[in-house]
Amino acid sequence: MDDARRRFLKIAGLSVLGLGIKPVTDAVATAGEVEITSSPNALKAKRWAMVVDIKKCLKAKKGCKECVIACNTTHNVPEFDNPKDEVKWIWLTSVKHAFPDQESQYAEGYYKDTLQDLPFVVLCNHCDNPPCVRVCPVQATFRRADGIVMMDYHRCIGCRFCMAACPFGARSLNWRDPRPFIKTPLNREYPTRSRGVVEKCTFCDERLAKGLQPACVAACKDKALVFGDVEDPNSEVRELLRKNPSIRRKPQLGTHPQVYYIL
Amino acid sequence: MYNSGKIIIGIIIFLVLATFPFWFNRGVAQAPPKLEVGTQEKQCVESTPFMKANHMKLLVDWRDYVVRDGKREYTSTTGKKFDMSLQNTCMKCHTQKTKFCDRCHDYVEVAPTCWDCHIAPVEPGQAQQAKALRSSN
Numbered sequence: 003m004d005d006a007r008r009r010f011l012k013i014a015g016l017s018v019l020g021l022g023i024k025p026v027t028d029a030v031a032t033a034g035e036v037e038i039t040s041s042p043n044a045l046k047a048k049r050w051a052m053v054v055d056i057k058k059c060l061k062a063k064k065g066c067k068e069c070v071i072a073c074n075t076t077h078n079v080p081e082f083d084n085p086k087d088e089v090k091w092i093w094l095t096s097v098k099h100a101f102p103d104q105e106s107q108y109a110e111g112y113y114k115d116t117l118q119d120l121p122f123v124v125l126c127n128h129c130d131n132p133p134c135v136r137v138c139p140v141q142a143t144f145r146r147a148d149g150i151v152m153m154d155y156h157r158c159i160g161c162r163f164c165m166a167a168c169p170f171g172a173r174s175l176n177w178r179d180p181r182p183f184i185k186t187p188l189n190r191e192y193p194t195r196s197r198g199v200v201e202k203c204t205f206c207d208e209r210l211a212k213g214l215q216p217a218c219v220a221a222c223k224d225k226a227l228v229f230g231d232v233e234d235p236n237s238e239v240r241e242l243l244r245k246n247p248s249i250r251r252k253p254q255l256g257t258h259p260q261v262y263y264i265l
Numbered sequence: 006m007y008n009s010g011k012i013i014i015g016i017i018i019f020l021v022l023a024t025f026p027f028w029f030n031r032g033v034a035q036a037p038p039k040l041e042v043g044t045q046e047k048q049c050v051e052s053t054p055f056m057k058a059n060h061m062k063l064l065v066d067w068r069d070y071v072v073r074d075g076k077r078e079y080t081s082t083t084g085k086k087f088d089m090s091l092q093n094t095c096m097k098c099h100t101q102k103t104k105f106c107d108r109c110h111d112y113v114e115v116a117p118t119c120w121d122c123h124i125a126p127v128e129p130g131q132a133q134q135a136k137a138l139r140s141s142n
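Top to bottom, those sequences are chains A and B.
For the first sequence, the positions run 3 to 265 when the working numbering is used.
For the second sequence, the positions run 6 to 142 when the working numbering is used.
Quick caveat, the hints were computed from the structure, so don't treat them as lab data.
Be aware that a few hints might be false.
Which stretches of chain B does chain A cover? Using the computed rule of at least three CB atoms under 8 Å from a CB of chain A, they are [claimed, not checked]:
| # | region |
| --- | --- |
| 1 | 66-73 |
| 2 | 79-85 |
| 3 | 109-122 |
For glycine and all other residues, C-beta sits at the position ideal for the given N, C-alpha and C.
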């Protein structure tokens, strides 16, 4: 009797030991570990920002829209015929619309004569305190650590709270399936959006990940758009902001826009 | 019970009709679809059994890493590195969506919404697909 009990305990003990070892042998057996990293070429910053040097954007008067076309082509931005359906990532607008609160009868003279009534390039300001992020009920839009206000189109439910919250009109809803309305050659490297999803400029996060400048910045031959890290005191954007007076759109709203304009 | 005859006959007819698909197809196995992988590479991102069972989870994980964390590089258990992109990695190799993805998805009756936004590759013999993408849809 005792002998059988002894044998049973021995076998049971060995079995337990064997089970305990299994995860260890399993770990050794698998070849490698899955690793998820950002690409080594990716551009990184503490705080991405853009400077628009309006004085250099003189061709806009002659109908230059290189930045807008580059963006629309890169991101398959649709072009709806009805202005109510309009989808905009980066676009040109009048001073009156870009800076409604900076108007004075004398400043108008400056815009008219010195800036020759140039249209202004406007886009998502990637605010430091983005109201669109605060109101999104599903966290489809969020602020990345490097300041980019991103969209997760997968999660967007199309409630348009963000559009109501954004004081810059930088967000657009796809009221209809956008695919038939993509007028630029289709970029097969980038997705389109679907109906019922809000879209906007993402500072070309997909290009930054590859080590490229945003499409609009790369497209501007006059270097009117400059993109970089404002937290880096040696960056080009900081250099421009140090040497020139700059303004931002609607700063009194406290959203801390990160697109700066040099007039 | 009033009208028991009619009620019982009614119940029997109902049961026969409701279970019709089950006994009509009894013993007939629906043939699984023949998939044409059509890839150049021998090995997918992970092993084939893993991909068969977990590709949907892998893609959802990839999506979250890319969109939420901005991390786009995947080092698989084979040690190879991949750009985490459905459109630019998966579909560049799996170029026959209709003969691979769709056949199985149709068979198991799932309708993933990936293609509402992500652009499917143009398949040989389907050169008009690119045009169709614009006109129809």
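Results for each hint:
1. 66-73: It holds: at least three residues are needed, and the region 66-73 of chain B offers 4 whose Cβ sits within less than 8 Å of chain A.
2. 79-85: holds (count 6)
3. 109-122: Answer holds; 3 residues pass the 8 Å Cβ test.
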